[in-house]
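Visitor: Below are the chains, spelled out letter by letter.
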Amino acid sequence: MRRDGMPLRRTAAVMAGLALVIPAAACGGGDDPKPGATGTEAAEGSTLIFASSADPAILDPAFHSDGESSRVTNQIFETLVATEEGGTGVAPGLAESWEVSKDARTYTFKLRQGVKFHDGEAFNAAAVCANFDRWYNFTGLAQADSVSYYWVTVFRGFAKNESDTLAKSLYGGCTAKDDSTVELKLTEPSAVVLSALTLSSFSIASPKALKDHKADEVSGTAESPQFTGTFGTEHPVGTGPFKFGGWTRGDKLELVRNDDYWGEKAKLSKIIFRPIEKAADRAQALRAGSVHAFDYADPADLESLKSSGAQVLERAPFNMGYLGFSQKTEIMKNQKIRQAIAHAINRENVVKTKYGTGAKVANAFMPDSLWSYTEDFTKYDYNVDKAKQLIAESGVSAPTLEFCYPSGVSRAYMVDPAGNFQLMKADLEAAGFKVTPKTSPWSPDYLNTTQAGDCPLFLLGWNGDFGDPDNFLGTFFQSFSSQWSFRNEEIFKVLADAEKEPDQAAREALYKKANALIAEFVPGVPYAQSPSFSAAAKNVQGWVPSPVLNDKFASISLN
Amino acid sequence: MLGFVVRRLALLVPILLGLSVLLFLWVRALPGGPAEALLGERATPEAVERVKKLYGLDRPWYEQYLTWVGNVFRGDLGVSSRTQHPVVEELLRTFPATVELALTAMIFAVGVGVPVGYLAARRHGTWLDHLSVAGSLFGITIPVFFLGYMLKFAFAEKLGILPTDGRQDPLLDAEHPTGFYVLDGLVTGNPEALGDALAHLVLPGVALGTIPLAIVVRITRASVLDVLHEDYVRTAEAKGLAPATIRGRHVLRNALLPVVTIIGLQVGLLLGGAVLTETVFAFPGFGKFMADSIVARDYAVLQGFILFTAVIFVLVNLLVDVAYGLIDPRVRAA
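From first to last, the protein sequence lines are chains B and F.
Position one of the first sequence corresponds to residue 1 (the numbering used here), numbered consecutively onward.
Position one of the second sequence corresponds to residue 1 (the numbering used here), numbered consecutively onward.
I should point out that these hints are in silico values taken from the structure, not numbers from a laboratory.
Ideal Cβ positions, reconstructed from N, Cα and C, are used throughout, including at glycine.
Computed footprint of chain B on chain F, listed as stretches where at least three residues anywhere in the stretch have a Cβ under 8 Å from a Cβ of chain B:
no., region
1, 146–160
2, 163–171
3, 275–282
All chains should be modelled from the sequences, with the hints used to inform the complete structure.
Guide: Here is the structure:
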């Protein structure tokens with residue numbers, strides 16, 4: 001009659017059973033060496049486990065604009081032109097060479113020969129044009145900014161725009177001159193397109209796979225549109241050094257080496273991407289030996305990673321935070337006041353106090369890793385007396401500034417907006433300004449107010465899309481925008497000329513001039529640029545973090 | 001009993017309809033919208049308008065609601081604006097993970113909590129009792145994410161005997177016909193996959209089960225203490241019944257009633273998502289997916305998942321009531 005004892009005994013038995021199974025299971029696993037292993041397994045034929053911060057959104061490059069997707073598609077697909085390893089300059093990709101016409105309206109690409117897609121189809125001029133025509137002819141949902149973000153950003157519109165807000169397309173057609181020559185026409189001169197084509201969104205996919213796996217098929221209703229094809233989830237087919245191997249969302253995504261790759265073959269036989277959202281958890285997984293490498297390390301974890309023997313790699317900054325001025329208000333139209341603000345802010349102190357390791361003061365409205373950057377322009381050092389003197393010269397007595405900053409947001413270029421605001425407010429007050437604070441939630445309130453130019457002083461920044469100064473300077477200052485609310489025809493013109501200049505050296509000179517003009521005009525105060533960090537186990541070699549997130553895993557090996 | 005179950009199930013309909021209207025309005029009352037969330041800092045007013053139009057968000061809310069309800073009846077919960085996948089698919093992918101995790105946590109909480117609580121009551125006033133009270137206080141107050149980090153630090157980083165993240169070793173190739181990895185290991189006859197799935201459940205299960213454990217210990221202890229002083233226990237002892245029979249039939253059985261209620265409530269809560277545990281252990285479950293969807297203002301996912309949670313909550317509570325009936329004949333009669 002020990003009925004009461006039974007459940008307890010049974011539980012104990014189950015727990016004891018578990019205790020036996022678990023350590024055995026934890027030691028089990030596949031045949032591949034665990035990340036922490038320090039064995040001497042051959043570099044060829046090894047598997048890299050990479051902790052990403054999230055699953056990719058989709059593996060159809062035309063439809064993604066997030067870093068986690070492009071990290072994966074950068075290995076499967078290739079673009080006509082690539083970025084230089086570790087830099088932002090343009091390098092040969094699927095095109096061996098190219099020419100830009102004098103009027104910057106025709107690009108001629110000479111394609112690499114003997115390249116095949118993973119499905120065995122030949123890569124040639126017709127395939128390239130098929131991709132461009134596909135993007136240009138997107139309809140419905142595919143025209144949404146959230147879906148084909150980079151096409152809309154770079155090429156502005158489609159064959160048949162389905163919204164009044166889309167502009168006439170910059171794309172003017174693609175012709176296969178012969179099997180290995182592609183001619184790309186633009187409807188307006190633009191020299192920016194070349195560096196934009198390094199974006200993974202302009203990767204060349206197998207036209208047959210796109211068709212077979214219904215890449216463009218959208219079904220559902222207006223309330224719930226849906227991609228029904230499987231190209232972007234199960235059959236992404238490109239020419240890259242790795243092929244798609246399988247994907248269980250939330251768990252892992254596998255890539256396997258493409259043994260028929262046209263160039264130097266990848267050293268790894270397999271890459272597994274494992275989503276681990278929080279940086280601290282990724283760091284813990286690396287220290288525990290569950291993964292080999294990860295990106296976006298928290299600066300707070302760098303020391304513990306180093307002391308555990310891991311490598312810490314710095315990704316050069318490709319962002320900048322700035323204090324913007326809206327010249328909608330009378331006081332901000334006063335150049336002396338703008339200059340006074342620039343001298344009043346102790347940018348060094350803001351960066352030192354509020355940013356992590358490796359962050360630097362920004363002096364221009366573009367990161368210093370970007371080509372054409374030189375410091376031949378007026379710099380505003382921290383000088384309270386000078387600021388006071390400029391205020392006196394401005395003719396404004398007791399200047400009052402309304403200063404907006406966002407809540408509920410943290411960006412690499414603006415880790416702690418409220419903290420930045422506090423420091424800047426104290427600096428401004430020390431120089432004799434009266435500051436009225438105004439804060440609102442980042443999206444949509446803050447973004448709406450700043451974009452409408454309703455904030456005389458505001459904190460904002462930019463994460464670069466691709467390696468072209470136009471993506472920074474052109475975005476901010478090429479034409480009138482309510483955010484800045486100024487008209488400076490000289491700056492507008494230099495930037496417009498630079499956008500259309502086909503000669504690279506001449507373009508560089510124009511951007512240098514633009515930086516000088518902008519610094520002189522002081523439309524705002526750039527103050528911070530912040531790198532990001534990656535970490536890898538000590539046996540990982542050959543990983544070169546790209547500032548524009550164009551990392552190529554083919555060069556990575558495990559020793 | 002059958003009539004009782006049917007009546008309770010019928011109650012589901014008005015509850016869910018009322019809830020669906022409330023949550024439909026509530027998710028739309030969140031500041032910002034999916035369009036702004038999708039577009040981020042590049043959300044120009046024009047772009048926002050375009051996205052709203054594409055997702056039908058420019059129409060009046062009641063029109064959107066009626067379309068949605070119509071679709072729900074056809075088993076279509078819509079498509080996630082964040083992942084572009086059908087909500088039903090996301091539900092089927094993430095829910096089994098959470099069920100496994102919640103069950104592990106409850107097995108841990110009940111398996112450890114009931115015996116400890118019982119023993120603490122039996123040894124009332126001894127060091128064991130004090131230890132259980134202090135321990136359960138500690139269990140309730142320790143933040144889950146902190147406990148998660150500590151467990152991973154000890155068992156994964158230092159001892160290296162348990163995995164840090166996920167549901168399965170990434171190097172292991174296993175089939176998942178049901179989505180319940182433990183069950184899959186059994187169904188496919190793959191002991192390695194089974195062991196691996198169990199190993200991946202231990203740390204998150206313990207982290208998640210600690211608060212319910214503390215609650216179960218306290219409730220069991222208090223309840224057993226109450227029952228020990230009941231007249232019928234004294235009568236049974238006076239009758240000369242064997243101590244084991246008294247403990248089993250009279251004490252434990254009566255003392256377990258409030259414990260079952262608590263277990264039911266806790267299971268409901270745990271199935272509703274264990275956001276922190278799932279995040280800390282990169283466990284691809286329901287709670288974390290829903291939390292991410294709040295950030296993305298993913299209306300379809302929020303509506304579908306919350307509705308589903310409500311159904312689960314009602315069903316678990318129904319199960320608890322049925323269990324009550326089994327333990328206590330008076331409930332059956334009522």
